[in-house]
Structures are given as structure tokens and as C-alpha cells.
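Asks: Protein sequence lines correspond, in order, to chains F and Y. The opening position of the first sequence corresponds to residue 1 in the numbering used here, with each subsequent residue numbered one higher. The opening position of the second sequence corresponds to residue 1001 in the numbering used here, with each subsequent residue numbered one higher.
Each hint should be verified, as a subset may be incorrect.
[To be verified] Examples of chain Y residues lying across from chain F (beta carbon under 8 Å, computed):
hint, residue
1, Leu1082
2, Arg1154
3, Val1157
4, Gln1160
5, Asn1164
6, Arg1165
7, Gly1166
8, Ala1169
9, Leu1170
10, Val1173
11, Gly1180
No lab work stands behind these hints, which were simulated from the structure alone. From the three backbone atoms N, C-alpha and C, an ideal C-beta is built for every residue, glycine too.
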Amino acid sequence: MVRCQLVTVTPRRRERYGNHQLQLPDLLPEKERYMKAMVIDDSRAMRTILMQMLSEIGFDVSGAGDGKEALKLLEDCKECPDVALVDWYMPEMSGLDFVKKVREQSDFDKLQLMMVTSESEMARVVEALEAGANEFVMKPFTKDVVKEKLEILGIHAE
Amino acid sequence: MSINQQDFTYVQTLVRQKAGIIIDDGKEYLIELRLKPVAIKNGYENVSGLVQKLKEHSRHNGTHEQVIEALTTNETSFFRDLHPFEVFKNVIVPELIEKNAATRTLKIWSAACSTGQEPYTIAMILRDSFPQLAHWNVSILATDLAGKVLDKARSGVFSQLEVNRGLPALMMVKYFDKQGDSWIIKEPLRKMIVFRQLNLLEHWSGMHTMDIIFIRNVLIYFDVEAKRSILKKVRELMKNDSFLLLGSTESLINVTTDFNNVRHDKTFCFKRKF
């Protein structure tokens, strides 16, 4: 049985299936659901870097510019992402407040939250974990760092 | 200026003789990349100057060791590849706790431990998941060829870049202190490990039987004869129930038939044949 749905052609999928966007859905067996990630960062440059990295790793990626926008996207989306990568300092709603809000709602129980921040003090790591974050990545980072942290969370995009 | 063929061959031979490590032809860039900092540190403008010194002082003054260390220090990270450590936690240690219940001993060797991420990972898992081992005689021996990396491993001091690699945040909070820009392994964890210099190719003095041997991502650098010689000595340190763990991409096919392998998901564990 195969499923039909529109999916983004990431570089990884292009490598795997060739550049055939319209034919791609037919090639995907039902079991092969791509992992979804959301990047929440007010810096467009950082958001682009992270979204590109995640796309290369094999995720379906979405983005938001602050916690409030991300929360709205989460509440509206049909299928919740598997993981959100969250910056700390953002306008409207900080990453930490976003984490706390998400953890108040049982709908998002399965959503893994990973802080990706320039904060590097032990107290901040503890604060994020206590608020409900599952992992913590300190900037600067590489794609391998992000990939390894996702694997710690049991999230394998491949 | 890139290294000339004559100097490349000299370094290639030196590293093979002293450390048993094969640097394939065509890897001039690797030697250039790794030895440039050593050359500059010793006051030479380029690698050729450094190699000239090596040739002139063949019975050394520390430069030979610096060169070997620069060419044999390998990439490492906490919880490297993750899955072998899941098998260690979920399969290997529980099995050995049951089998060694009478003696209450658990002996682990991390060979080629580099800057210490592997033995510290082992110690964190034991401390975190097996509180009952507090009443056991647990030893973790960590060895490496290079004295300089062992000093770093022994210090337990890591950079932000190093703790960012593969270390779960919860483990970071539990087992590290932060001082300035450094992340420092907490004393009780550091005390669980004995660090010692050991050349895998030479005679292994003072080694005892082990329950678990990690010798990951190092055999790939040796030729087949050196691999056989090391694995023969590894086998002698293993009991019926001992486990051997190699790197994720390493195999014993065409090297030795002295071991059986047991697969757990993506991880191959090896046991000696009797």
C-alpha cells in the first residue's frame, strides 16, 4: 500500500529518489513517514541555517520567528512535529516561556523540545530542563552536534 | 608549500614503525594538516623543516613523540555512535552483573581512549543506571599511545565544543561543573578511571583479565598483521563471558576467526571462541 501526499523535496530525498517532485509521493510506502521538525528562532539567518541542516538530515521542516507564532502554528497544525528546536531570547514569547506553555498542554506530550541557544551557563541548562526541555545545544554548533542530540532523543530522520 | 615525496615516505615509515599505523599513499594532505602546527610550535616555517629535524635526531628529543601524537590522535565524542552504549547499558552490564554476582567485580578496558570521552561515558552510565555497583569492585582502565592526550583525559577538562558533542544535557548537569569556559568532570566520576599509557603493538605489561573491552575505531589504522597480533592479545584477556566492542564500521572478517559475534540491533558484540 502506498500513500499520496505532497511533501517537500529535500536534498536528501532528491538524492534518494531523483528530482521528480510529482512522482515522489507514489514512491513513499505508508510506513515511511518523514520526521517533522520545527525551528523557532527570531534570527532569520539562524532559522535558515537550522532548517537547511534539518532538511539535509531528512526532516520535513517548518519555522517560526518567536514562541507565540510557534504556539499558534502548533495549535493549528494537523500533525504535530516530532521535535522543536527553540532559541532562548525571542520577542513576544521567549523560548523558555514557549517550553513552559507547551508542557502545560497534554496535546503536545510527544513533542520533544531542544533548546538551541547561545546560553551556556549550567544554571540555564538546569532551568531549561526543569521547564520541560529535553535537550540543550549551545551555539555555535555543527550539523553533527544537532544530529547527535536528536539521536539522544531517539529521533532518527533517516 | 606541500610536503615532498621523500619527506612523506619518511613520516609514513616513522609512524608505521613507532605506532604501527598505516598512512596510505596519497594522504600527503593529512600529514601536512596535522604536522603544520607541530612545525610552527617547534620554530619551523613548514613541515619540511620539521621532517629535516626528525631525520637529524633519529634518537629523539620529544619531537618524534609530538609527530606521532599529531598523526594518531583521532576524533572522539561522548556517547560516540550512541547505540553501542545502549547495548552496554541494556544488555552487557545487566548480563555481567548476573554472571559476576559471586565475585562482585567488573573490569572494563577502554583501549585507545584518546582524550577520555569513552571512559567517562562508561563511568557516567555505570553511575547513572547501576547504583548497585557502588558495592562492587569496578575498575575502568583507559589507555592510549599518546601521553599528551592522556594528560588531557586525566584532567577531565573539556571545552564547550566537546560537551556539545553527543553528551545528553542531563548527564552534563549531573556529572560536570562549569568553571569559566571549561566543563570539568566531577571528582567522583574522575576517580573511577585509571589512565595509563600503552602501545597496542608492544608487550602489554600489567594487564589483567577484562569483562568488557572497548577497542573502537583504532584497528582500522593498522595493517592486518598488526590487527591479528593485537586481537590475539585481546583474546588472552577475555573470559568466556567477556565482551569485546569494536567501532561501528569495523569487522573481523578476513582478520581472525577467534571470536563469535552477537548482534544487538546495530551493535556487534564479540565473544572469544574456546
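Asks: So, as I understand it, the hint says Leu1082(Y) touches chain F; can you test that by seeing if any CB pair is closer than 8 Å?
Replies: At 5 Å from the nearest chain F Cβ, Leu1082(Y) passes the 8 Å test, so the hint holds.
Asks: Val1157(Y) was flagged as interface toward chain F. Is the shortest Cβ-Cβ separation under 8 Å?
Replies: This hint is violated: Val1157(Y) lies away from chain F, its Cβ roughly 15 Å from the closest one there, beyond 8 Å.
Asks: Answer holds if the nearest beta-carbon of chain F is closer than 8 Å to that of Arg1154(Y); otherwise answer violated.
Replies: 23 Å, violated
Asks: Taking the least C-beta to C-beta distance, is Leu1170(Y) closer than 8 Å to chain F?
Replies: Nearest chain F Cβ about 7 Å off; hint holds.
Asks: Any CB of chain F closer than 8 Å to the CB of Asn1164(Y)?
Replies: Since the shortest Cβ distance to chain F is 5 Å, the answer is holds.
Asks: Using 8 Å as the Cβ threshold, decide whether Gln1160(Y) counts as touching chain F.
Replies: 6 Å, holds
Asks: With a cut-off of 8 Å, does the beta carbon of Ala1169(Y) approach a beta carbon of chain F closely enough for the hint to hold?
Replies: Nearest chain F Cβ about 4 Å off; hint holds.
Asks: Take the shortest C-beta to C-beta distance between Gly1166(Y) and chain F; is it under 8 Å?
Replies: For Gly1166(Y), the interface hint holds, since the closest Cβ of chain F sits about 4 Å away, which is under 8 Å.
Asks: Hint validation: Val1173(Y) versus chain F, beta carbon distance must be below 8 Å. Holds or violated?
Replies: Cβ of Val1173(Y) sits 6 Å from chain F, so the hint holds.
Asks: Holds or violated: the hint that Gly1180(Y) contacts chain F, with Cβ atoms closer than 8 Å.
Replies: 11 Å, violated
Asks: Would you check whether Arg1165(Y) satisfies its interface hint, that is, whether its CB is within less than 8 Å of any CB in chain F?
Replies: 6 Å, holds
Violated hints, listed in ascending order, are 2, 3, 11; each of the other numbered hints is respected by the structure.
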